[in-house]
Amino acid sequence: MKGMDNEWAIDAALGAATVAARTTSTVATAVSKSTPARVAASATRRLAAPLIREGTRTRDTIATEAGPRTRQVVGQAVPVVLDVVSLDQVLAAIDIDALIGRIDLQQLISRLDLNALLAGIDLDALLDRIDLDAVLAKIDIAALVDSIDLDALIANTELGSLIAKSTSGMASEALDVVRSQGVGLDNVVSRIVTRAMRRNVADLPEGPVLLVSEVTADPASAPSTNGRGPVSNGQGPG
Amino acid sequence: MNVSHDEAVSQQGHYAGAVTRLVAFLVDQAIATAVFSAMSAFVVFLVSLLTDLEVDTNVSQIVIGVLYAVWLFMYYAYSWSVTGKTPGMAIFGIRVVQGNGAQTTPKHGVTRTLAFSLSFMTLGLGFLGIVVGRRHRALHDVIADTAVVYAWDARGARWRFLARRQAREASADVSDAPPQRSAEAVGT
Numbered sequence: 000m001k002g003m004d005n006e007w008a009i010d011a012a013l014g015a016a017t018v019a020a021r022t023t024s025t026v027a028t029a030v031s032k033s034t035p036a037r038v039a040a041s042a043t044r045r046l047a048a049p050l051i052r053e054g055t056r057t058r059d060t061i062a063t064e065a066g067p068r069t070r071q072v073v074g075q076a077v078p079v080v081l082d083v084v085s086l087d088q089v090l091a092a093i094d095i096d097a098l099i100g101r102i103d104l105q106q107l108i109s110r111l112d113l114n115a116l117l118a119g120i121d122l123d124a125l126l127d128r129i130d131l132d133a134v135l136a137k138i139d140i141a142a143l144v145d146s147i148d149l150d151a152l153i154a155n156t157e158l159g160s161l162i163a164k165s166t167s168g169m170a171s172e173a174l175d176v177v178r179s180q181g182v183g184l185d186n187v188v189s190r191i192v193t194r195a196m197r198r199n200v201a202d203l204p205e206g207p208v209l210l211v212s213e214v215t216a217d218p219a220s221a222p223s224t225n226g227r228g229p230v231s232n233g234q235g236p237g
Numbered sequence: 000m001n002v003s004h005d006e007a008v009s010q011q012g013h014y015a016g017a018v019t020r021l022v023a024f025l026v027d028q029a030i031a032t033a034v035f036s037a038m039s040a041f042v043v044f045l046v047s048l049l050t051d052l053e054v055d056t057n058v059s060q061i062v063i064g065v066l067y068a069v070w071l072f073m074y075y076a077y078s079w080s081v082t083g084k085t086p087g088m089a090i091f092g093i094r095v096v097q098g099n100g101a102q103t104t105p106k107h108g109v110t111r112t113l114a115f116s117l118s119f120m121t122l123g124l125g126f127l128g129i130v131v132g133r134r135h136r137a138l139h140d141v142i143a144d145t146a147v148v149y150a151w152d153a154r155g156a157r158w159r160f161l162a163r164r165q166a167r168e169a170s171a172d173v174s175d176a177p178p179q180r181s182a183e184a185v186g187t
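So the protein sequences, as listed, match chains A and B.
Residue numbers for the first sequence follow numbering that gives the first Met the number 0, beginning at 0 and rising by one.
Residue numbers for the second sequence follow numbering that gives the first Met the number 0, beginning at 0 and rising by one.
These are computed hints drawn from the structure, not numbers from a lab.
There's no promise every hint is true.
Stated by the list, open to error - Residues of chain B placed beyond 10 Å of chain A at every Cβ, according to the derived structure: (1) 17; (2) 39; (3) 48; (4) 68; (5) 69; (6) 116; (7) 119; (8) 126.
What the hints assert, rightly or not - Derived Cβ-Cβ restraints for the label pairs, each shown as a range: (9) B:101 x A:124: 37 to 45 Å; (10) B:42 x A:147: 47 to 55 Å; (11) A:134 x B:116: 46 to 54 Å.
To be verified - Sample of chain B residues at the chain A side, in silico, Cβ under 7 Å: (12) 12; (13) 14; (14) 16; (15) 18; (16) 24; (17) 71; (18) 99; (19) 100; (20) 101; (21) 104; (22) 106; (23) 128; (24) 131; (25) 132; (26) 134; (27) 148.
Every residue gets a Cβ at the ideal spot worked out from N, C-alpha and C, and that includes glycine.
Chain B extracted, bound-state conformation (with noise of 0.2 Å):
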C-alpha cells in the first residue's frame, strides 16, 4: 500500500487509529518483557553469585508474576504520566494527550494504566471503541479521560523524502553522464 506524507500530515493531531495502537502496543509489550527478562536475569546472576541462595521455582513463578506486574505498572504509567507515550508509541509516532488534548499529567497516566487491565478483564471488549468508537477511545480512554493521537511530525517526513528523492536523482544524473576521459577520447 502506497501512503503519501500528505496524508500523515492532514490527519496530525488527529486521533489515532486501531492499526498504529496495536502494533505499538505489542511492541511496547516486546520492548517491557525484553527489559525486565535481562534486568530478572541479571539480579538471579547477581544473587546467586553473592550469595548460596538457591532460587525456587515453584515460588519465584509467583513472585516474578507479581514484579512483571509492576515492572509493566511503572513502564506504562511513568511513560504516560511524564511524555505522554511509550518507547512503542514514539516509534509509530503518536502520544496519549487529555480528552481536550492537554498534556497528560501523572494523575491521568496512573489511572489510564490501572484502568487498562480493566481492558482486557472484560475479554477485550474494552478495547472495542478503538475500532467502532467515534473517537477511538478504549475503556481505559473514557475512565481516565484521554486519548491517543498521531504526534509525529509528518511534514518534516515528507521533506525529508523529497530530499532524499533530489539526492538519488542527482546522483542518477552523475552516473548517466559519460566519462570526461572517455569523450576526450572520442573527440580525439
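So here's chain A without its partners, still in its complex pose (with noise of 0.2 Å):
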C-alpha cells in the first residue's frame, strides 16, 4: 500500500517535467524565429567565421589522415599483443561445439553450387590417390553375397537360364546328385553313431578351427539342417 501511495507522486512529477519540457521546447522554438535572435544568431556567426574555418580543417584533416594512421597504429599494436595474448589458450576456451551448434548447416549446404564444386575435382586424379586394394580388404565379400537372395535372382531373372545353359551336362547334374546323396549318408552313420555312444550333438567338432571359427562366433549367420551349425565361408579350405 506504501508503494501504491509514493505512485501517484512519482507520476505527478513526471508530468510536471514533460509539461516543463514542452513548454520550454515551444518558447525556444518561438524566441529563435524572433527578430532579435536571429540577429544574434547571424552576429555569433560572423564572429566565429575564424573558428569555423579551423574547425572545418580539422575535420577534413581528420577525415583523410585518421584511417592511414589507425591502420598503421593496429599493425605496431597487433604483433605485440600477439606475442602477449597465447592463441592456444584463447582457442581452448571457446566451446567449439556450441559454435558449430549455431550453425545452420542445411543452410550453408544449400547454398553451396555443388555441381560447380564437383566441376572442379578432378576425380581421376582423386581415384589414384586411393588404395582401392586396401578398400576391397575390407569389404566381406562372402557376407556380401550370402545377403543376395540368389534364389530369388535365379527364379526372377534370365541369370537361371544362362545357368542351366551352362550346366547342363549329365556329369555336372549326376556329380551334383551323388555327393549330395554321400552327405546324407555320411549324417545318418553319424547320427546312428552318435546316439549309439551317448554323445551329444553339441558338443562335437564340426570341423577344423581355421573353417568353422567364423561360424561358430555367428551361429545365426544361416540355418542349420543337421543342427550342428552353417559353414559360412562359401569357399572350401585353401
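Got two chains here, separate frames each, mind docking them using the hints?
This is the structure in C-alpha cells:
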C-alpha cells in the first residue's frame, strides 16, 4: 500500500517535467524565430567565422588521415598483442561444439553450388590416390554374397536360364546328386554312432578351427538342417 | 534318399563322414589300378617290341608288386601334398587339410601316405576312428595331423539345381501351350 501511495507523486513529477520540457521547447522555438534572436545568431556566426574555418580544416584532416594512421597503429600493436596473448589458450576457451551448433549447416549446404564444386574436382586424380586394394580388403565379400537372395534372383531373371545352359551336362548334374547323396549317408551313419555312443551333438566339433571358427562366432548366419551349425565361408578350404 | 543341397551347404568345411571317404577311396583304387595296369602293359609291350627279352612271370609278380606299391605311394603322396585331394576325393568333393584346417604341405602328404599302410596293417582298426571318432580321423590322420573335410561348392550346386528346375518348368509351359496355328484355325 505504501508503494502504491508513492506512485502518484512520481507520476505527478514526471507529468510536470514533461509539461515543462514541452513549454520550454515551444518557447525556445518561438524565441529562435524572433527577429532579435536571428540578428544575434547572425552576429555570432560572423564573429566565429575564423573558428569555423579552423574547425572545418581539422575535420577534413581527421577524415583523410585517421584511416591510414589507425591502420598503422593497429599494425604496430597487433604483433605486440599476439606476443602477449596465447592463442592456444584463447582457442581452448572457445566452445567449438556450441559454435558449430549455432551454424545452420542445411542453410550453408543449400547455398553451395555442388555442381560447380564437383566440376572443379579431378576425380581421376582422386581415384589414383585411393588404395582400392585396401578398400576391397575391408569388404567381406562372402557376407555380401550371402546377403543376396540368389534363389529369387535365379527364379526371377534370365540368370537361371544362363546357368542352366552352361551346366546342362549330365555329368555335372550327376556329380551334384552323388555328392549330396554321400553327405546324406554320412549324416545317417554319424547320427547312428552319436546315438549309440550317447554323445551330445552340440559338443561334437564340426570341423577344423580355421574352417568353422567364423561359424561359431556367428551361429545365426545361416540355418542348419542337421543341428550342427552352418559353415559360412562359402568356399572350400585352402 | 532325398538329400537337399541346403544340408550339403551347411556342412561345407566340416569333417567328412565314413561313406563318402570309403567310396572316394574305392574310386581312387580303381583309377590308380587302371592307370598302373595300362602303363605296365604299355611298358611290357614296348620292351617286347624293342628287345628280345622274355618276361619271367615269377619274377615279374614281385617286381610288379613293388612297382605297384611305389605307384600308389606316388599317387596318394603327390595328390595330398599338392592339392590335398586325389581324383576320387575330387569327384566326391572332399579333401585333406591340416588338423587346424590349413593347406597340407608335402610333409603332411608323405607322412599321411606312409601312415596309410599302418591303418591296413592293424587289420583295418586304424580306420575305425573315421566312424566313431569325434573328428572322424583315421590312424593315418592322427599320425600326420590331418583331417578330411567336405570341400565342394554345394551352394553352386544348389543354384544349378534351381536353374535346371526353372528351365524344365519353362520348357513344360511351352509344350503345354496350344499351338498358335491351331488356335487360329479354331477361331476361323
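Cross-check of the supplied hints:
Against the 10 Å criterion, residue 17 of chain B falls within the reach of chain A, whose nearest CB is about 6 Å from its own CB. Listed as outside the interface, residue 39 of chain B is consistent with that label: its C-beta sits roughly 29 Å from the nearest C-beta of chain A, beyond the 10 Å cut-off. Every beta carbon of chain A lies more than 10 Å from that of residue 48 of chain B, the smallest distance being close to 36 Å; the non-interface claim holds. Listed as a non-interface residue, residue 68 of chain B keeps its Cβ farther than 10 Å from every Cβ of chain A; the least gap is roughly 28 Å.
Chain A leaves residue 69 of chain B outside its interface by the beta-carbon criterion, the shortest separation being 27 Å against a cut-off of 10 Å. With a least beta-carbon separation of about 24 Å from chain A, residue 116 of chain B lies farther than 10 Å from that chain, consistent with its non-interface assignment. Non-interface call for residue 119 of chain B relative to chain A: holds, since the shortest CB-CB distance, roughly 21 Å, exceeds 10 Å. The Cβ of residue 126 of chain B lies farther than 10 Å from every Cβ of chain A, with a closest approach of about 13 Å, so its non-interface assignment holds.
Between residue 101 of chain B and residue 124 of chain A the beta carbons are some 42 Å apart, a value that agrees with the proposed interval 37 to 45 Å. Between residue 42 of chain B and residue 147 of chain A the CB atoms are about 54 Å apart, so this pair conforms to the stated range of 47 to 55 Å. Between residue 134 of chain A and residue 116 of chain B, the C-beta spacing of about 51 Å keeps the proposed range 46 to 54 Å intact. A least Cβ separation of about 4 Å between residue 12 of chain B and chain A falls short of the 7 Å threshold, and the interface hint therefore holds.
For residue 14 of chain B, the interface hint holds, the least distance from its beta-carbon to any beta-carbon of chain A being 5 Å, beneath 7 Å. Hint status for residue 16 of chain B: holds, given a least beta-carbon distance of 2 Å to chain A, under 7 Å. Taken as an interface hint, residue 18 of chain B checks out: its beta carbon lies about 4 Å from the nearest beta carbon of chain A, inside 7 Å. Hint on residue 24 of chain B is violated. Least Cβ distance to chain A is approximately 12 Å, over the 7 Å limit.
For residue 71 of chain B, the interface hint is violated, the least distance from its beta-carbon to any beta-carbon of chain A being 23 Å, above 7 Å. Among the interface hints, the one on residue 99 of chain B holds; its C-beta lies about 5 Å from the nearest C-beta in chain A, closer than the 7 Å criterion. Hint on residue 100 of chain B holds. Least Cβ distance to chain A is approximately 3 Å, under the 7 Å limit. This hint holds: residue 101 of chain B has a C-beta 6 Å from the nearest C-beta of chain A, less than the 7 Å allowed.
A distance limit of 7 Å between C-beta atoms decides the matter here; for residue 104 of chain B the minimum to chain A is near 12 Å, and the interface restraint is violated. A least Cβ separation of about 16 Å between residue 106 of chain B and chain A goes past the 7 Å threshold, and the interface hint is therefore violated. Taken as an interface hint, residue 128 of chain B does not check out: its beta carbon lies about 11 Å from the nearest beta carbon of chain A, beyond 7 Å. Using the Cβ-Cβ criterion of 7 Å, the hint placing residue 131 of chain B at the interface with chain A is satisfied: the shortest such distance is roughly 6 Å.
For residue 132 of chain B, the shortest C-beta to C-beta distance to chain A is roughly 9 Å, which exceeds 7 Å, and the interface hint is violated. For residue 134 of chain B, the shortest C-beta to C-beta distance to chain A is roughly 6 Å, which falls under 7 Å, so the interface hint holds. This hint holds: residue 148 of chain B has a C-beta 6 Å from the nearest C-beta of chain A, less than the 7 Å allowed.
Taken one by one, the earlier hints fail for this structure at numbers 1, 16, 17, 21, 22, 23 and 25, listed in ascending order.
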